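Heads up: the sequence lines are chains A and B, in that order.
Remember, this note's numbering sits 184 above the position in the first sequence when you count from 1.
Remember, this note's numbering sits 184 above the position in the second sequence when you count from 1.
Some hints here could point you the wrong way.
Identical copies look the same in the list; a pair holds intra-copy or inter-copy alike.
What the hints assert, rightly or not - In silico lysine-lysine, PhoX-like type, Cα no more than 25 angstroms apart, as pairs:
hint : residue 1 : residue 2
1    : 370       : 256
2    : 442       : 432
3    : 256       : 376
4    : 370       : 261
5    : 356       : 376
6    : 458       : 429
7    : 458       : 432
8    : 442       : 256
9    : 458       : 235
10   : 429       : 442
11   : 458       : 196
12   : 458       : 442
13   : 262       : 356
14   : 262       : 222
In case anyone wonders, no lab produced these hints; they're calculated from the structure.
This structure is a prediction, so every number in the text was calculated from the model and none was measured.
Number of protein chains: 2
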Amino acid sequence: MRIAIDAHGGDKAPAAAVEGTLRAAKELPDAELILVGKPEEVEPMIRAAGKPSNVTLAAAEEVIEADDEPAKAVRRKKQSSMVIAGRMVREGQADALVSAGNTGALMATGLLVVGRIEGIERPALAPILPTMDGVGMLALDLGANMDSTPEHLVQYAIMGSLYRSRVHGMEKPRVGLLNVGTEPMKGNELTKAAFEQLERAPVNFIGNVESRDVLFRNCDVLVCDGFAGNIMLKSMEGTATAVFKALKEQFTSSLWTKLAAAVLAPGIRRFRSKMDYATYGGAPMLGVNGVCVKAHGSSDAQAFANGIKQAYQEVRHQLVQTIASEFSRK
Amino acid sequence: MRIAIDAHGGDKAPAAAVEGTLRAAKELPDAELILVGKPEEVEPMIRAAGKPSNVTLAAAEEVIEADDEPAKAVRRKKQSSMVIAGRMVREGQADALVSAGNTGALMATGLLVVGRIEGIERPALAPILPTMDGVGMLALDLGANMDSTPEHLVQYAIMGSLYRSRVHGMEKPRVGLLNVGTEPMKGNELTKAAFEQLERAPVNFIGNVESRDVLFRNCDVLVCDGFAGNIMLKSMEGTATAVFKALKEQFTSSLWTKLAAAVLAPGIRRFRSKMDYATYGGAPMLGVNGVCVKAHGSSDAQAFANGIKQAYQEVRHQLVQTIASEFSRK
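Work out the full structure, taking the sequences as your base and the hints as a guide.
Below, the structure written as structure tokens:
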């Protein structure tokens, strides 16, 4: 198995990407990890680590930046690390691609360079959201497509279910439709139509779910349009940030509260780490004709290693083939 | 000024509604507060409080329940406390209506009984969301209309701005459009079209805002469709609930953490109370031809009193007349 890693994607690239690749290489001795990047930057780092036998380098000349216009960058920067990695997947030189780079550009790479699975209308970004029980919830689409049809949502539901059952070994993953209430006829035109179609879809549809209960894992696969999903995600992030910021202010307001906070700190750190996206790996891009994992832009070495291991599992469990075969039967 | 209070709306009705009315009556000596409810239940409570001169009773025979189908209940239960209160506003016997009852039914009452302001396509529910600085943010629509057009969003922006400037005395309230990113062309078809129209609207439009920063008051009037707004709100509520639940578990895990938690408790309580909806009053229903305030379903007496005082301010500042005059000029 060969996994291409975009060495220049992410805020801490290339150091975090290379270091993460080296870590993953030790844990995945049967995988060949291909760092796609500028040789002058990446090669010395690999050499310093003693050139592990299962880590190789594929040369790239340029980099897609975080503020590049996605589709344009993918079309023009043909020698960028991200596009080269995508091309390797399309041409069968790699089974998977991992990048922490520009999300829009990576989606464009998936769509334009790697290509869609036949029958899939819109690939979706499907991160695993943290849940209080530590199991996580696969949610899609969280930002690939801003306007969705009911048919798209049904495809998301099927792809997400296949992911949970194949890659996570979950039996009958519960599919929930993100909505403003749990009653069947709640919501807007999109969710009402999607509800009806999901009831007939080959998934374990449990009905509408509310964003209020997502952290308590009210389903295993959360289906939503990219706009609503993104609003949900950022609302959750913003609230967590605000609460912890306020707590910190309380904790540092006097000597007594500082002492008290010191006692509580380890438990709070444990909780925050459980709520950390990086622990759950990256976001698979589902519907693309090759494994494609989007690691968080702020990924450190461990997050990269987790993303690579996640890609490894997706390849090993033949995720792409499973989705392709499901949709070719239609 | 006369304010009609639905005595039977809310989880703690009629006790909380009556008690809240009695409290508000002391603070608003120039207002006549009319409790609309079943005389056999409400009258003894007023009598026990010594029958304040500015509290009266209007008899109702029935009650719209929390699980009643909204439009149907409003059409059929013509002698319910909510519908009678609405009728009093329409017929000029009251200037305002306050209810903590069934949200959908109250919106139907606003729409079908009180009626829309001429020129307003869709009245909107516009709660004041808590913000970290304690000022609050007016957000609309948060649940009255699940599908919106760009034109609706522009009307929300105008009504919200008028509320902030008239009732809250805010100069040039900043209007933000809820979106998935701050760049102008972000979002779905709805927000892209609304963005263009908002740039030309008679409001202080500051552009797209992200739900991540809502708690930090990134604008004064947040405009969104009812679906996205509701997803945002419930995501925020759910996250806050989950975080505080997890903290509580940490805090009670040993004797030391319990002691530490006791030191921090007052500060955390202060923070939670600042984040409590009830502190900010109820949600005005804007676009209805009469002041209409939706108090939270779980309102206690103080929340009712706050909702009544809010209705009082809206009437005093001629909110409805201001909105009507703005839209009659179009």
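For each hint, the structure was consulted:
1. In this assembly of identical chains, the alpha carbons of residue 370 and residue 256 lie at most 25 angstroms apart only when taken from different copies (16 angstroms versus 39 angstroms within one copy).
2. For the homomeric pair residue 442 and residue 432, the shortest alpha-carbon distances inside one copy (9 angstroms) and between copies (18 angstroms) are both at most 25 angstroms.
3. Taking the shortest alpha-carbon separations for residue 256 and residue 376, only the inter-copy value of 20 angstroms comes in at or below 25 angstroms, while the best intra-copy value is 36 angstroms.
4. Only between protomers do residue 370 and residue 261 lie at most 25 angstroms apart by alpha-carbon distance; the minimum there is 23 angstroms, versus 45 angstroms within a single protomer.
5. In this assembly of identical chains, residue 356 and residue 376 lie within 25 angstroms of each other by CA distance solely inside one copy; the values are 23 angstroms within and 38 angstroms between copies.
6. For a Cα distance limit of 25 angstroms, the shortest separation of residue 458 from residue 429 qualifies both inside one copy, at 18 angstroms, and across copies, at 14 angstroms.
7. Proximity of residue 458 to residue 432 under the C-alpha cut-off of 25 angstroms is found in both arrangements, the shortest distances being 19 angstroms within a copy and 16 angstroms between copies.
8. Within a single copy, residue 442 and residue 256 get their C-alpha atoms no closer than 51 angstroms, and across copies no closer than 56 angstroms, so neither meets the 25 angstroms cut-off.
9. With identical chains, the CA atoms of residue 458 and residue 235 are never at most 25 angstroms apart, being 33 angstroms at best within one copy and 56 angstroms at best between copies.
10. Taking identical chains as interchangeable, the C-alpha atoms of residue 429 and residue 442 lie at most 25 angstroms apart whether they share a chain (15 angstroms) or sit on different chains (21 angstroms).
11. Taking the shortest Cα distances, residue 458 and residue 196 sit within 25 angstroms of each other inside one copy (22 angstroms), while across copies they are farther apart (37 angstroms).
12. Taking the shortest alpha-carbon separations for residue 458 and residue 442, both the intra-copy value of 23 angstroms and the inter-copy value of 22 angstroms come in at or below 25 angstroms.
13. For the homomeric pair residue 262 and residue 356, neither the shortest alpha-carbon distance inside one copy (42 angstroms) nor that between copies (48 angstroms) is at most 25 angstroms.
14. In the homo-oligomer, the alpha carbons of residue 262 and residue 222 lie at most 25 angstroms apart inside one protomer (14 angstroms), although the nearest pairing across protomers, at 75 angstroms, exceeds that limit.
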